[in-house]
Amino acid sequence: MLIADSTKFALQAITSHRMRSFLTLLGIAVGIAAVILLTSIGEGVHQFVLAEFTQFGTNVIGVSPGKVKTGGQPPTGIPTTARLLTMEDAKSLKQLPNVTGASPTVWGNSEVESNGRLRRTTIYGVDADFLNVFSSTVQIGSFLPKEGAGSSRALVVLGSKLRNELFGSMNPLGARVRIGGLHFRVIGVLAAKGQFLGIDLDDTAFIPAARALELYNREGLMEIHVSYTEGVSSTTVATAVKNRLKLRHGHEDFTVVTQEDMLKTLSNILNILTMAVGALGGISLLVGAVGIVTIMTISVTERTNEIGLLVALGARRSTILALFLSESVMLAALGGALGLLLGTGLAQLLRLLLPTLPVHTPWNFAVGALVMSAVIGLLAGVLPARSASRLDPIEALRAE
Amino acid sequence: MADSKSLIALKGIERTFYLGDSQVHALRNVNLDINPGEYIAVMGPSGSGKSTLLNLIGLLDRPDVGTYQLEGRDVTTLAPDEQAKVRSERIGFIFQSFHLVPRLSAAANIELPLILAGMSVDERTKRVAQALKEYGLMDRAQHRPNELSGGQRQRVAIARATVQRPAVLLADEPTGNLDRVTGEEVVRLLEALNAQGMTLIVVTHDHALGARAHRQIRMEDGIVLSDITQMPEQAG
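Protein chains in written order, with our numbering: chain G, 137 to 536; chain C, 1479 to 1714.
Hints in this document: simulated from the structure, not taken from any laboratory. Take every hint as true, because none was put in to throw you off.
Label pairs and their computed distance ranges (CB to CB): (1) C/Ile1701 - G/Ser523: 31 to 39 angstroms; (2) G/Val511 - C/Arg1666: 53 to 61 angstroms; (3) C/Arg1506 - G/Arg154: 48 to 56 angstroms; (4) G/Gly481 - C/Glu1601: 42 to 50 angstroms; (5) C/Arg1643 - G/Ser152: 27 to 35 angstroms; (6) G/Gly504 - C/Phe1495: 45 to 53 angstroms.
Residues from chain G shown here face chain C by an in silico Cβ test under 7 angstroms; the list is partial: (7) Ala448; (8) Gly450; (9) Arg452.
Here a beta-carbon is modelled for each residue, glycine too, at the ideal position from N, C-alpha and C.
So here's chain C without its partners, still in its complex pose (with noise of 0.2 angstroms):
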């Protein structure tokens, strides 16, 4: 199944948790390839395990069996400091909670991944201030999250999981706390990123922002029930 060409492709995927005595099934055998590009929403109840499909993909789980490739290379067996490289340079994550660092400003939530990569500070501050402007954020640099309203907290989480140019952007329920206007204006940020060729994975409940990917997958009990690509479609 998995070509060359795909940017993710996970065979024979296995997650096992235990919880006490009781073994809960996360994910069962799962394949997939996803390509370059390409704008997939996961959808299922929870507990369904795709929220452990997406923190596997982004290197923070590793599976019981099976194998990952990401760019053809096969990250299932990396070192945890590779993994962090990788995470580092090639992933990007945007979460329900935002996850700012709250005694942080603005710009230096965005800088955080650039600083833990090392990066030297001249290009820091050339990539900070760029990513400020493309997300409108000049005027909120220097404040404080909780001086940000949530659209704006949840713009500067993305261009924080942005500004390393990652292959992939995770986004786990990314409007799960905004109201339905800063949630479509978000969307629509997210929408933009990979109409410029980021490939987007979109972990969500909500059927309406499910129905705008091209890629639907449903998950249960740890097994992909469905996997429809077609342009967008109203689901359930």
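Here chain G stands alone, though its shape is the one from the complex (with noise of 0.2 angstroms):
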């Protein structure tokens, strides 16, 4: 029997039973909806959340001090014999080939007065390079000044929420505000960045890295945060980077992650939630699977007598096979068409509902769920295909 044929065949069985075939694929299409609105909705917040760290500039490279990698905590007591990174290491960052800035970075939290007005916020110790690192814009007066190690002035730039809670409309430059203990004078504003996964990044003030060791009496860097030039590399970048402070400290006692790395590692959970949610629509897709089993079955025992004539007139075992198998798989596909439409329909019309949900429909999803129809359409019909490749014919003709 040929493939076009029992196409043929399949489609007229199907369409002879308009209502009940609509109602068996519909709920295949259902199914397949689902699957594709839930993932749909998973990768929009896939997409979103990445696009939130990309934010900073794609290119950084985030260096940290001890050796995470090699285990834990040294035990309490013994003093570590990691180095701590210091102002020198990001100074002998910034000459490397291909990098662009590497901006020392010690944060914490203090008290800001200025203006009579007292506000507790973040503090960020960093240099020149931060803007670079950040990618952030000056919005008005200027950022810190590039200068040597040890010979920081007492500057500060703030970020605009900071600058509105204290200063309001008030043009703040040159004002002098008091952080901790030590008084700096400020000398600009940084542009609205907005909120990074709840964290308010403009309610912050920038003061020289140097001050701000001094201000938490410490010794060491927080981290280092490296940028390079956009398209090398970051491994061979982090190489250099690896090599030269090994260099500088003499063995490997700090922790080197590049942003690409840390995106991976982020892009790979945020997928497996994807999938989740798409394990959910599955469930759906599972019920619908059980429909087409359910009238497949009615089906081959409606046409017993149509079985049995068909081996009377010399179709073979795996003829009769094929052709309910394909009768399933049919049902399955156009269910699943169906579902594709309905899906990207549904995902389309929240997108204009809801413009603050990101929703993202992934082509490769939509075809793996029309693939996914036709195996489901496979499996369900295997059961009622097979029963009905081994009726008797006798008896099969002989039924009423």
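Dock chain to chain to rebuild the complex, using the hints, since each chain is given by itself in its own frame.
Following this line, the structure appears as structure tokens:
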């Protein structure tokens, strides 16, 4: 029997029970639509979160003191042999090829007082390269100037939120600000950057790293942020950074994490999330598959006579198996196509109604859904089709 | 007994069914030789084994004991797919209740055996058109079975059974669901086919119909009681 013929035969069988076939394929359609809709939302969230992270620029490498990979905290009481990351380390990294900036970073939480107001906020000790590393822009005034380590002046750049809280609409430039016990002079305000995963990036103050070390009474930096030329492979730069620091420290007592690694890990986590919600949609798909098994079983019973006839007319067992299998595959595939339309349609509608909810339909998921529905049809058809192909033709012809 | 020229040669056929604990001997030591072009009526009360005999000749059933040669070839032990091929090419079935596929048009019903045999579309259309013409169903080609009269339905069924030009036509009570006039019409159609050389085996309760055959086989309890070859005679 030719494939075109068995397809036509199966299609005729499906269309001879319009209502019943439609309801059955609707079950699959709802399942596929649910899978597509849920994975669309999952994928949208995925892209949204990644975009949140990449707003700082993706070409950033973080260097932190201590080697985490070699195993945990040093035993208590025994002084650690790890050397601290210093301002000199940061300065040395600035000279590496492809590196566009290396900002020493120290942060803490302090009370900021000025203009008769007091506010507790996050203080970042950085240097001039910070602007580059975190792709921030200055709104008014200027950012911290480039200067040699150890001779940093007591200057402060405010985040836009902090500026509003302390100064309102007044011009803050040149104003004196007390942070902790130290006095600083305001030289600039950064442009608003918004929230990042619930943290207000504008409720901050930036002071020279050397001053921050003094303020928090630290000897070493908390992190060095290295930015590099776009397009250069992150591993090349990471290796160069490692080698330079190893040279300076004698051994690897620091940890280098590229933004790329971090995003990859994050992306993996989010992928699992997307799959999990997709699996929830898969449950309704399973229900749809049960519907196909039911209707195919009924169909085989109803058409017992016809099966006997086909055997008498010279159909092989395998032909009968193929006929019923293609019928259930087609039923499921039609359902899948309908579900695809339904799912993407709903996703688009959702995007129109709730523009803030990130929704994104990945096309490979859509194609996957179609293939999956066909496979479901195949699996759902196996039992009924097998029972059809095993009928005794004499009994089948006699059945009424 | 079996000579190599016979179309169908059955030797020592036994067929037993098990219904629960009881055994039913549907066929007991049946020996039969059928030559090409014969017109045979198989008669007997229900349960006499005549339908089992027909199913066996049509390769829908296998004997427990004995051999069956069709056109000189032993088909008793053929693999199921080989048997399907023999059914497709050499055997035509006609049923009491027609067994037309209700959702297919008359033409599509006639085309069914050709589709199952994997014939090309061109060849199929040609053969179906010819069959429709031969059986006077041209104006009924696109009608579904429920739009056809009983006689027309059985004509479609006969067209379907003969469209592959089989060696033997097996008819199980072909007039059982028809009134006398249409039944007569169908019988004449079958006899015309037999006159063209097609072997015709009819299973029937109807003595009048059985009497028209050139050879009458009477069965009871799975045994061939009598096997008379002669010109039509009124039986019973």
